[in-house]
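Given only the sequences and the hints, what does the whole structure look like? Please build it.
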Amino acid sequence: MTIEALIARYGLAALALGAGLEGETVVVLGGIMVQRGVLPYVGAIVAAAVGSFIADQLFFAAGRRFRDHPRVRRWSAKPAFARALTAFERHPTLFVFAFRFLYGLRTVSPIAIGTTQLPLGRFVVLNGSAALLWATIFVSIGYWFGHGLSEIVGRWLPSWQVLAGGGIAIVLLAGVTWLVKRRA
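The sequence shown begins at 42 in this note's numbering and counts up one residue at a time.
Errors might be hidden in some of the hints.
Label pairs and their calculated CB-CB ranges [stated by the list, open to error]: (1) G169 <-> L62: 15 to 21 angstroms; (2) G162 <-> V217: 45 to 51 angstroms; (3) R131 <-> L174: 18 to 24 angstroms; (4) R124 <-> V221: 22 to 28 angstroms; (5) Y82 <-> H110: 37 to 43 angstroms; (6) R163 <-> F142: 15 to 21 angstroms; (7) S170 <-> E130: 19 to 25 angstroms.
Just so you know, these hints were derived from the structure itself, not from any lab. Just so you know, even glycine gets a beta-carbon here, dropped at the ideal spot from N, CA and C.
Put into structure tokens, the structure is as follows:
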């Protein structure tokens with residue numbers, strides 16, 4: 042079942058869950074469903090914001106609760122985690138508001154922020170505001186450009202055999218890359 046079919050079948054609940062688990066792609070698809078009249082505009086924004094907000098709150102709580110755990114310590118040694126903390130230390134309010142818009146820092150950032158001394162109440166307010174803005178932007182993109190995006194995807198979407206072959210090629214490429222990095 043496709044993401045689009047899940048959203049069409051389960052509505053706003055699927056959009057909320059998808060916004061929390063996947064992010065922008067699901068929310069843009071939610072906007073396309075709004076454009077098609079399947080979902081209400083404001084409802085889609087609220088569902089996407091709530092899903093994103095809850096996921097980030099859970100990641101923040103995990104970072105706060107397990108900041109001294111060996112796994113979080115290992116993550117903190119990784120470059121993305123370090124970049125997130127460096128950006129947070131420079132501009133904490135702006136970073137909390139903007140991390141969901143930064144490619145490569147979306148999931149690790151709330152965990153990293155959770156390891157800092159930022160008060161929970163401040164994170165809740167900033168995270169909620171940012172989630173609402175983020176949801177509004179991406180639902181609106183799907184709504185405003187839904188017809189055009191559907192046309193492009195419809196023309197470019199190859200058969201399942203081509204998709205399966207592409208998936209296999211990606212897995213093989215990832216495996217080869219992993220082996221090369223491991224030997225280096």
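Hints versus structure:
As the Cβ distance of G169 to L62 is approximately 19 angstroms, the hint placing it in 15 to 21 angstroms holds. Checked against the given bound of 45 to 51 angstroms, the beta carbons of G162 and V217, roughly 48 angstroms apart, stay inside it. The hinted window of 18 to 24 angstroms between R131 and L174 holds, with their beta carbons roughly 21 angstroms apart. Separation of R124 from V221 is about 24 angstroms and conforms to the stated range, judged on CB atoms against 22 to 28 angstroms.
Separation of Y82 from H110 is about 41 angstroms and conforms to the stated range, judged on CB atoms against 37 to 43 angstroms. At about 19 angstroms, the beta-carbon gap between R163 and F142 stays in the expected band of 15 to 21 angstroms. Taken as a hint, the range 19 to 25 angstroms holds for the pair S170 and E130, whose Cβ atoms sit roughly 21 angstroms apart.
Comparing the model with each earlier hint shows no violations; every hint is respected.
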